[in-house]
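What follows is each chain in one-letter form.
Protein chains: 2
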Amino acid sequence: MTDKIGIVGAGLVGSLLGISLKQKGFDISLFEKRKDPRKTKIHEGRSINLALSRRGILALQAVNIFDKIEPLLIPMKGRMVHDVKGELTFQPYGNEGQHINSVSRGRLNQTLIEELEKSGVLINFEHKCERVNFEDSTLEFLHGKKEKFDAILGTDGAFSVVRKQMQQLDRFSFSQHYIDHGYKELNMPPLNDDFAMKPNYLHIWPRGSFMLIALPNQDKTFTCTLFFPFEGDISFNSLIDKDGILSFFDSYFPDVLSLIPDLEEQYQKNPASSLMTIKSCPWHKNRTLLLGDASHAIVPFYGQGMNAGFEDVRLFVEMAEKMNWEWQSIPPAFSSARKPDADAIAELALNNFIEMRDHVGEADFLKRKELEAKLQDAHPEEWIPLYSMVTFSDLSYSEALRLGKIQQKVLDGFLDEGSDKCSYDKIIDRFNTLKKRESNINFPSR
Amino acid sequence: MTDKIGIVGAGLVGSLLGISLKQKGFDISLFEKRKDPRKTKIHEGRSINLALSRRGILALQAVNIFDKIEPLLIPMKGRMVHDVKGELTFQPYGNEGQHINSVSRGRLNQTLIEELEKSGVLINFEHKCERVNFEDSTLEFLHGKKEKFDAILGTDGAFSVVRKQMQQLDRFSFSQHYIDHGYKELNMPPLNDDFAMKPNYLHIWPRGSFMLIALPNQDKTFTCTLFFPFEGDISFNSLIDKDGILSFFDSYFPDVLSLIPDLEEQYQKNPASSLMTIKSCPWHKNRTLLLGDASHAIVPFYGQGMNAGFEDVRLFVEMAEKMNWEWQSIPPAFSSARKPDADAIAELALNNFIEMRDHVGEADFLKRKELEAKLQDAHPEEWIPLYSMVTFSDLSYSEALRLGKIQQKVLDGFLDEGSDKCSYDKIIDRFNTLKKRESNINFPSR
Chain A
200 MTDKIGIVGA GLVGSLLGIS LKQKGFDISL FEKRKDPRKT KIHEGRSINL
250 ALSRRGILAL QAVNIFDKIE PLLIPMKGRM VHDVKGELTF QPYGNEGQHI
300 NSVSRGRLNQ TLIEELEKSG VLINFEHKCE RVNFEDSTLE FLHGKKEKFD
350 AILGTDGAFS VVRKQMQQLD RFSFSQHYID HGYKELNMPP LNDDFAMKPN
400 YLHIWPRGSF MLIALPNQDK TFTCTLFFPF EGDISFNSLI DKDGILSFFD
450 SYFPDVLSLI PDLEEQYQKN PASSLMTIKS CPWHKNRTLL LGDASHAIVP
500 FYGQGMNAGF EDVRLFVEMA EKMNWEWQSI PPAFSSARKP DADAIAELAL
550 NNFIEMRDHV GEADFLKRKE LEAKLQDAHP EEWIPLYSMV TFSDLSYSEA
600 LRLGKIQQKV LDGFLDEGSD KCSYDKIIDR FNTLKKRESN INFPSR
Chain B
200 MTDKIGIVGA GLVGSLLGIS LKQKGFDISL FEKRKDPRKT KIHEGRSINL
250 ALSRRGILAL QAVNIFDKIE PLLIPMKGRM VHDVKGELTF QPYGNEGQHI
300 NSVSRGRLNQ TLIEELEKSG VLINFEHKCE RVNFEDSTLE FLHGKKEKFD
350 AILGTDGAFS VVRKQMQQLD RFSFSQHYID HGYKELNMPP LNDDFAMKPN
400 YLHIWPRGSF MLIALPNQDK TFTCTLFFPF EGDISFNSLI DKDGILSFFD
450 SYFPDVLSLI PDLEEQYQKN PASSLMTIKS CPWHKNRTLL LGDASHAIVP
500 FYGQGMNAGF EDVRLFVEMA EKMNWEWQSI PPAFSSARKP DADAIAELAL
550 NNFIEMRDHV GEADFLKRKE LEAKLQDAHP EEWIPLYSMV TFSDLSYSEA
600 LRLGKIQQKV LDGFLDEGSD KCSYDKIIDR FNTLKKRESN INFPSR
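Protein chains in written order, with the numbering used here: chain A, 200 to 645; chain B, 200 to 645.
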């Protein structure tokens, strides 16, 4: 008899997981608390876009649907850094030909849902999971409806109901940590029927304790996102009235002010949303397993939230197949194998906020970037910058973090000595020595 | 008009808080979900005892009730370390005359409740708080009963309902982290109508990855607590059958085996309970504030959980008095002032587990202890060992942690050089230099 799999949450990760497991021949039931997104208008004030990169693409290719997603993408070759005078500096993300991809969350989700339905899975919309019985793997919904499964997969996001049920259990470790900053989205309309700024970049206005970024949309708008402290002298809390808003943007983002005519209205109308990291351990109870944001939500500063969730799906299906789909043993195995990577990308994402809002505008940072680019040119197999390991490879996040820390140590040492005296070979030698020496040190899993 | 204060939870911290605020003239309502403990028999299988020390005593003295508590105490002058052969080594906790005090949680709580009632506060037992309305400071109970207050204080312990309500709010950071070990209590009966072991010590059987401790009770029994991994080769999970239990105790704790006749029955009957650290931030919303375990539960290995909670009460009342009892401003002020200390004692408590179960039996540890004792003799004002700063002083926990780390660095350096070459003056000089140099570094608050 075909195993019955219940999936809670038809967001990005849940839909991809449904497609993948359906292809493996399972009987899939997908439950989503919201209405069918195809029947509701995507709210224009919050056209969230995401950055799809290597790990996400690999997962989409694994189920042969990347060709359906590709038309939705706008490549971004690197950071376009705006200084306070509006001067631009280009910082490529990787080698020639490497780029990340701006994509609308709404359109991506709709496309995945369509592919899911084409494969024969019907989604139960407006089905809010109320309770999970972990003993007999039963999902309970409003009005007392119950359904039993061979395995339950919780892909219901950062505020996961499945995880909240696990939180009631003894010995379930959990943390939700909010950062001091929040974000507010502002839409930049087209100018003369074209993009108001060059489209193939992630635009960024680093201003030390805060920053603005902009990603292109297919309708030739940009979604600008202000990452800003909630409290303090310069914060969402203090910047409220129209004159204040205009003079703030005039001081820090003059070029943006000129390109968003209704900026102060949008600022006042759009909400300031909070940002958090969620960790949990273990990710499973019996035959129920959490994947994606439900077990490990991260801050958005490395552009890896969705990519990590999609990679969860690819790695989970690979592991489950190797384990002959034994639903009792897969959840603990996946939880302990993947948890260190989730912790690593959570740490990397928090660190990258400081890099984006502050360091990208600094001379030292540029000098280091330049040295790293030269190292990679001279030793392309041996020196891959951290950003590239995370974004353009499928090396585990925890190994990328480990190598990145060693790279930083090596570069610190050589930059202290004065870069004139540096020989690239010496740097690579030192890196390779440390890489081997420290390779037995495990990452603490929390 | 007298301010109305609602306190949720009549455990140790809630009762002491009630006594203290009643003395200041407020109108106190105390709600407790359990039945009156004076009307229920204390369950003998789980006669939890705690270690009352300086900080707790100071808080009891501040409300003039320490003389009521003192008769309940059994002084413990130091650790009595049992090796596998049953050989004993005494390690004093502090100077001559310094000791910690074994006390029964149940008796202590009953005494506090009696003092509270004598002061004119009646406790509403069997009142389970169901909801807190943070906007108008209203508590809601079963059957729809509601009551509005000028301030609400949540002292309802590690599984606090008040905190769970706060967890629903945006930007409330929270973590619950379970450690790999749990604990099981075993009761050691009197021998020939007297204590079966010397009473004025905390007995400890350090065995590396696990340990047993025993604290004396006034009925001449000892409560022994086995701290043991939940999983693995030697764990609660694997040690189940009678023969296994007996042969395990015979190998690791032979002297205990001979003093607890029904050991295997107790082991099989008594539960293995889990241990966790809880952190939250902030500790307040509007006029509602969490105190004690509700905001910062810790593992028991420094014997500071109750002492930290009692110190919360003393510091809170002192601060509130200085702030003229302005209930709108006190909660955020207390939360941000006290949070670094709660984080510090959480860290110290986790570290002390490794010291207790492992290091206390090691030669290096004893050598260091000896050196520290000599340093303290030679410079009693300048070198106070970490354990004494935590246990026998009211220095803030965060400052104790900071100084303890510097002490460790200084001792590491000198022990590396060979202790023969050490001059105490040199160590003190080095300590004082680092103490000043690093005094501007704040502890990360999480």
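Hints in this document: simulated from the structure, not taken from any laboratory.
Accuracy of the hints is not assured; some may be wrong.
Remember, identical chains collapse to one label, so a pair may be satisfied in a single copy or spanning two.
Only pairs whose alpha carbons sit at most 25 Å apart, straight line, appear in this in silico BS3-like list of lysine-lysine [what the hints assert, rightly or not]:
1) Lys327 x Lys317
2) Lys347 x Lys234
3) Lys223 x Lys203
4) Lys284 x Lys223
5) Lys573 x Lys347
6) Lys284 x Lys566
7) Lys234 x Lys634
8) Lys327 x Lys363
9) Lys232 x Lys604
Now the hints, each set against the structure:
1. Lys327 x Lys317: Within one copy only: 23 Å inside a chain, 51 Å across chains, cut-off 25 Å.
2. Lys347 x Lys234: within (23 Å within a copy, 39 Å between copies)
3. Lys223 x Lys203: within (12 Å within a copy, 63 Å between copies)
4. Lys284 x Lys223: Classified as neither: same-chain Cα gap 55 Å, cross-chain 60 Å, threshold 25 Å.
5. Lys573 x Lys347: neither (57 Å within a copy, 67 Å between copies)
6. Lys284 x Lys566: Classified as within: same-chain Cα gap 22 Å, cross-chain 63 Å, threshold 25 Å.
7. Lys234 x Lys634: So Lys234 and Lys634 fail the 25 Å test inside a copy (50 Å) and across (61 Å) alike.
8. Lys327 x Lys363: both (14 Å within a copy, 22 Å between copies)
9. Lys232 x Lys604: Classified as neither; 41 Å inside a copy, 50 Å across copies.
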